[in-house]
Structure formats: C-alpha cells, structure tokens
Amino acid sequence: MKKYKRYHSTIKTSYALGIHEQILPYSFTSSIPRSTSQSWKELNPEKFVGNEFAAQVENAIIRFDMSEFKEEHSAALLYGAPPGYVGYEEGGLLVNKIRQKPYSIVLFDEIEKAHASVFDVFLQIMDEGKLHDRLGKEGDFSNAIILFTSNIGSEFIVESFGKGEIPPSSKLLEMMSRFFRPEFLGRLTETIPFAPISRDNALKIFEIHLKKELLDLAKNLNIELIISKEAKEYLSTEGYDIKYGARPLKGVIRGRLRRPLAKKIVAGEFKDGDKVEVALEGEEIVWNKME
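Going by the working numbering, the first residue of the sequence shown is number 8, and it counts up by one from there.
Some hints here could point you the wrong way.
Once the Cα atoms are required to be at most 20 Å apart in a straight line, the calculated EDC-like pairs of lysine to aspartate or glutamate come out as [stated by the list, open to error]:
hint : residue 1 : residue 2
1    : 226       : 207
2    : 108       : 162
3    : 239       : 223
4    : 211       : 248
5    : 278       : 231
6    : 257       : 190
7    : 178       : 162
8    : 236       : 220
9    : 239       : 207
10   : 257       : 237
11   : 278       : 288
12   : 282       : 231
13   : 226       : 279
14   : 218       : 245
15   : 296       : 279
16   : 120       : 147
17   : 120       : 75
18   : 120       : 190
19   : 270       : 291
20   : 296       : 207
21   : 278       : 248
22   : 178       : 117
23   : 178       : 119
24   : 257       : 214
25   : 270       : 281
26   : 257       : 298
27   : 218       : 281
28   : 257       : 279
Estimated spans, in silico, between C-beta atoms of each pair [stated by the list, open to error]:
hint : residue 1 : residue 2 : range
29   : 194       : 293       : 49 to 59 Å
30   : 226       : 293       : 16 to 26 Å
31   : 207       : 284       : 45 to 55 Å
32   : 262       : 297       : 33 to 43 Å
33   : 169       : 139       : 54 to 64 Å
34   : 220       : 282       : 47 to 57 Å
35   : 297       : 96        : 54 to 64 Å
36   : 93        : 282       : 51 to 61 Å
37   : 106       : 80        : 18 to 28 Å
38   : 218       : 110       : 23 to 33 Å
Read the hints as simulated data drawn from the structure, not as lab findings.
Idealized CB from N, CA, C, for every residue including glycine.
Given only the sequences and the hints, what does the whole structure look like? Please build it.
Okay, structure coming up:
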C-alpha cells in the first residue's frame, strides 16, 4: 500500500479543502520498471484512490496501450475521424469512454511509445479538463484521475530500490525531460516512481494467471485440479525475474502446467470427472490422479 500513499494524499487533500468539484483532473505520471508495467492491467481502484473513494471508480478503469498510437493519425482515434472518413459517425474513442464512465481512472500506458500528436490531446485535457470529438460531443474529465506510465528511468528505479532508496521525482523528471515536452511535464500533478514487483506480489500475480490460463480451462473440461502450495511457490519463483518481474509467469504456466495437462488428456491419463493433484517433488512437478 505504501506505493499508493502519494496518490491518496493528493486526492484526500482536495476533498478536505472542499474543492472536489474541481475543473481539471488530477494527472500523475508513474515511471515504472518494465517488470511492473503488466501489473497495471490488474489495477485495483481501492488501492489506488483509497477506501473512501473506491466506490466512485469501481469497475471504471479506462486503459489505453500507447503502443497502438505510434502513427501520426493515431490521435484521431481518441477524438474521432474527420468528416468523410471511415469511423466519423462513431465519434472519438476516448470521448465515448469518459462519457460512459465520468468517475474513472484513465490510464495511458507507456506513453513514450505514442506519437507526438497524441500529446496535444493530453495537453488539452490537462489544460481544460474537457475534450470534444468531431461530432461535437463533450468528454468531461473533471471527475477523473489521469495516469500516465512510462518505462523511462526504469533501470535507475530498479537500481535505487535495490539499494533501499526511493528514486527522487526530480531525477525522474530530469530523465523524462529528454523525451517529453516541458509543457506536458509542467502540467502534471505529481511524478511518482513505482517499485519493481516483489516475490510476494509475483506469487499473487501467478495465482491470477493460474486461474485464467489453467484452472478455468480444467473446470470447463470437468477436471478438478488441486495445485499444492509448494508447487505454486516453486513455479512463481521460476517465473520471476528481477528485471522483467512477473512477465515470464504466463510462459511458465503454459509450459510447465497447461501443455503437460493437454498431453495427459490426449494420452487418456486424465478424463472427464477426474480429480488431479499437482505437487512438487524435489525440483520436479508431478501429476497424481486422486481417487
């Protein structure tokens, strides 16, 4: 929870001063290691804004992967295509989403990958708190939290946390100034470094991926899988990397669990209605059919 406290503090201060009906949204940038970036996809609103405000943003995370906005024309996806072009009648993607969920955390992930034209959209939102699409519809961001993430400075962050130090925001801003326009950086509410994923958190992420990649699949096949605590800890450690964090976990689950299960089903070892235990013996993952 410590890594969220600076977000909590800014939001609570605003409410305490009676200015929660603010005109402009809060805009943060978090410089994060590559090992951490995937965890933003499972962003928990309660942890991010605090218990007091979680109800307002529950199920209201709007995420944009900036690697999909590399081209000059990409900005038009956010506020709509020009008249006469395909998609004009649909309006802007960002405007539509914020109109549907005005109390939102709007996450622009890995912004260094976006084309410079996209930053003009960011500036308008941060300046005016509003964005209009080509159809004239207005998107109001005054009740939103805008979060930009970047991998810039990630090696410095990993090195600093490895020494038990918190990377200073001033140093991160200096690094970001080599890539981002000063008018963008100057409009941010705060710049916050995000710590690399710990082994404990890697285990929690492993549990999430395990359910999606394996347990739900087995359930659909009417096979009950019981995976021992020791096996989970061993595999989550195998899939953890100080540089890449939890990213390799999916590969471990697919290679060490999903594929072997599929082979055993094809071979007729396991069938509909079976109960199977996955355990650790030494450094080997073993499969035992339970009676």
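Exercise for the section: Could you check the structure against the hints above and give me the numbers of any it violates, in ascending order? Expected result: 1, 2, 6, 11, 16, 20, 21, 26, 28, 31, 32, 33 and 34
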